[in-house]
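Protein chains in written order, with the UniProt record's numbering: chain A, 1 to 258; chain B, 1 to 257.
The set of hints was computed from the structure by calculation and includes no laboratory data.
Please note that the accuracy of each hint is not assured.
[Unchecked claim] Calculated from the model, a selection of chain B residues having no Cβ within reach of chain A, i.e. all distances over 12 angstroms:
no. : residue
1   : M32
2   : M59
3   : I127
4   : D128
5   : A129
6   : K139
7   : G181
8   : S182
[To be verified] Heads up, incomplete: computed chain A residues facing chain B, CB under 7 angstroms, no partners named:
no. : residue
9   : F16
10  : G17
11  : L55
12  : D59
13  : L98
14  : F106
15  : G113
Glycine included, every Cβ here is placed at the ideal spot set by N, Cα and C.
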Amino acid sequence: MSNPAKISLRNVHKAFGPKKVLQGVNLDVAPGESVAIIGGSGTGKSVTLKCVLGLLTPDQGSITVDGIEMTDASTADRDAMLAKTGMLFQGAALFDSLSVWQNVAFGLIEGRGMKPRQARDIAIARLEDVGLGSEIADMSPASLSGGMQKRVGLARAIATEPEILFFDEPTTGIDPIMGDVINDLIVKCTRELGASAMTITHDMASARKIADRVAMLYKGEIIWDGPVSEIDQSDNPYLKQFVAGDIEGPLDLDLKHL
Amino acid sequence: MPIFAPVGHIFLTFLALVGRVTVFAGRTIGHMVTPPIYFRLIFKQMREIGYFSLPVVAMTTLFAGMVLALQSYSGFSRFSAESAVATVVVISMTRELGPVLAGLMVAGRVGAAIAAEIGTMRVTEQIDALVTLSTNPFKYLVVPRVVAGLITLPILVLIGDIIGVLGGYLVGVNKLGFNDGSYIRNTFQYLEQLDVISGLVKAAVFGFIITLMGCYHGYHSRGGAQGVGQATTNAVVSSSILILISNYIVTELFFTR
Ligand SMILES: Nc1ncnc2c1ncn2[C@@H]1O[C@H](COP(=O)(O)OP(=O)(O)OP(=O)(O)O)[C@@H](O)[C@H]1O
Ligand SMILES: [Mg+2]
Numbered sequence: 001m002s003n004p005a006k007i008s009l010r011n012v013h014k015a016f017g018p019k020k021v022l023q024g025v026n027l028d029v030a031p032g033e034s035v036a037i038i039g040g041s042g043t044g045k046s047v048t049l050k051c052v053l054g055l056l057t058p059d060q061g062s063i064t065v066d067g068i069e070m071t072d073a074s075t076a077d078r079d080a081m082l083a084k085t086g087m088l089f090q091g092a093a094l095f096d097s098l099s100v101w102q103n104v105a106f107g108l109i110e111g112r113g114m115k116p117r118q119a120r121d122i123a124i125a126r127l128e129d130v131g132l133g134s135e136i137a138d139m140s141p142a143s144l145s146g147g148m149q150k151r152v153g154l155a156r157a158i159a160t161e162p163e164i165l166f167f168d169e170p171t172t173g174i175d176p177i178m179g180d181v182i183n184d185l186i187v188k189c190t191r192e193l194g195a196s197a198m199t200i201t202h203d204m205a206s207a208r209k210i211a212d213r214v215a216m217l218y219k220g221e222i223i224w225d226g227p228v229s230e231i232d233q234s235d236n237p238y239l240k241q242f243v244a245g246d247i248e249g250p251l252d253l254d255l256k257h258l
Numbered sequence: 001m002p003i004f005a006p007v008g009h010i011f012l013t014f015l016a017l018v019g020r021v022t023v024f025a026g027r028t029i030g031h032m033v034t035p036p037i038y039f040r041l042i043f044k045q046m047r048e049i050g051y052f053s054l055p056v057v058a059m060t061t062l063f064a065g066m067v068l069a070l071q072s073y074s075g076f077s078r079f080s081a082e083s084a085v086a087t088v089v090v091i092s093m094t095r096e097l098g099p100v101l102a103g104l105m106v107a108g109r110v111g112a113a114i115a116a117e118i119g120t121m122r123v124t125e126q127i128d129a130l131v132t133l134s135t136n137p138f139k140y141l142v143v144p145r146v147v148a149g150l151i152t153l154p155i156l157v158l159i160g161d162i163i164g165v166l167g168g169y170l171v172g173v174n175k176l177g178f179n180d181g182s183y184i185r186n187t188f189q190y191l192e193q194l195d196v197i198s199g200l201v202k203a204a205v206f207g208f209i210i211t212l213m214g215c216y217h218g219y220h221s222r223g224g225a226q227g228v229g230q231a232t233t234n235a236v237v238s239s240s241i242l243i244l245i246s247n248y249i250v251t252e253l254f255f256t257r
């Protein structure tokens, strides 16, 4: 394989009608690497992940996973890619027709054909990993709080121990202590189990903890991309402003209409 | 000719919609005949669509049969053809009223529920989540509902036919003074197999239409709760119209030669 990257985005464009969201995104994730994507609200971070997963089709550009082009992949190639990935959606996206444990075990039962009894034990273990007790296993997802739903979504994403993980704001809406548990879990998945991960986050503390590398998305492009250790040394004014959380700076925050 | 532009636009939009629905139906049929098939989900949907629609279908057909007996009696008495009441009731029920009334009632009940459920799953990204969990949403969501519709609607209509005829019998014997033996004899004397079969074929077609339109509008809904509401309305309206149109087409296929 000429391309050693696990995931590689080249010049990816995506527009919704007249609204240009991605305008030439370039990003690589090496095997076993954890990359955090940061950027303002509405800059297209979630859209980027959905393009990689094939839930949205880019208008232009190339996305490869394990060296296989995904933008025009066959169904078989796409299924093979999805079989080794796990995704936590920003809104958790739990199936409300199923109980909590059935949600977590979904990939094991439907994807891997595991027997429900065995899958349930694994699901309860995954729920414990995200700080949830077995007493919620039989509850409906609709009766959980937002932060609990997010954690169930995380448990579902990692239940099949995928090689590639996508997390869309894993710690948003979760208290700081539980947020730390989640960070540790993500670190465990990548450092110990060797998975590659792309994590969207607004939380710089979490980004520093879970990521090897940080990429900042702004106006449809990755404007800064480097190791976590270099965030504070960087003299990129956009990155500096974002990390410091200042209102004053070059970032066009679209605050005009406020 | 500026007046023709909007007409042309509406016509083209309509054609595009027909095209999209046809592609959706084709994909559904393709997934129906290739594994995996989720039998457990088919049974669950048969319960939702069939079993839970029984009360409403029974009520509708019962009263339809009763009214039919009253109306045809008072109409036919003008040319002293009261003895045809039983025959009229059974033929109208099996050929027309059973399938059409059941179809429209189920369209309101089930079509709306399917569109709302799948639409909510779309706007809350549950359908995307299915895909990322290596599960095809057509196989998991659409096929079980459409197959259940195809199977249960004929069963519902057959039960509805029987209840409708029973309604006619109750009115005929208790109110219009028919002898019960001769009413029953008249009911079956002129009834042909084709009357019942054509009604059941209609029911299967309606079951396909109702579930397909529910799934189609739900699957393509967008824009939050409002979009789901719109999808629900569209599902009920489009399936009701398609039921009436296809009813005519099937009738013509069966009964004109
Ligand atoms: N399906 C869609 N149809 C139309 N526009 C969309 C769609 N999905 C996203 N967008 C638009 O694309 C832009 C980027 O959306 P995206 O969800 O990727 O933002 P984000 O960076 O994840 O923001 P946040 O941090 O708030 O989650 C938004 O302006 C949004 O309106
Ligand atoms: Mg987002």
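Is the shortest C-beta separation between L55(A) and chain B less than 7 angstroms?
L55(A) check passes; min Cβ-Cβ to chain B is 5 angstroms, inside 7 angstroms.
Proposed interface contact between G113(A) and chain B, which counts if any beta carbon pair is under 7 angstroms:
violated (9 angstroms)
Given as non-interface: K139(B), partner chain A, CB spacing beyond 12 angstroms:
violated (10 angstroms)
Does the claim that S182(B) lies outside the interface with chain A hold up, using a Cβ gap greater than 12 angstroms?
Fine: 52 angstroms to the nearest Cβ keeps S182(B) off the interface.
Min Cβ distance, F16(A) to chain B: is it shorter than 7 angstroms?
Given a least distance of 11 angstroms, the restraint on F16(A) is violated.
For the hint on D59(A), does the least C-beta distance to chain B fall short of 7 angstroms?
Check failed: Cβ of D59(A) comes no nearer than 19 angstroms to chain B, outside 7 angstroms.
Given hint G17(A) near chain B, where the shortest CB pair must fall under 7 angstroms:
violated (13 angstroms)
A closest beta-carbon separation below 7 angstroms is what the hint needs, so does L98(A) meet it against chain B?
Violated. Min distance 10 angstroms.
Interface exclusion of I127(B) relative to chain A, criterion Cβ beyond 12 angstroms
violated (9 angstroms)
Looking at G181(B) again, its CB stays over 12 angstroms from all of chain A?
Holds, since 51 angstroms exceeds 12 angstroms.
Beyond 12 angstroms from each Cβ of chain A, as asserted for M59(B):
M59(B) clear of chain A: closest Cβ-Cβ about 28 angstroms, beyond 12 angstroms.
The output says A129(B) does not contact chain A. Does that hold with a beta carbon cutoff of 12 angstroms?
violated (4 angstroms)
Consistency with the previously given hints fails for numbers 3, 4, 5, 6, 9, 10, 12, 13 and 15, ordered from lowest to highest.
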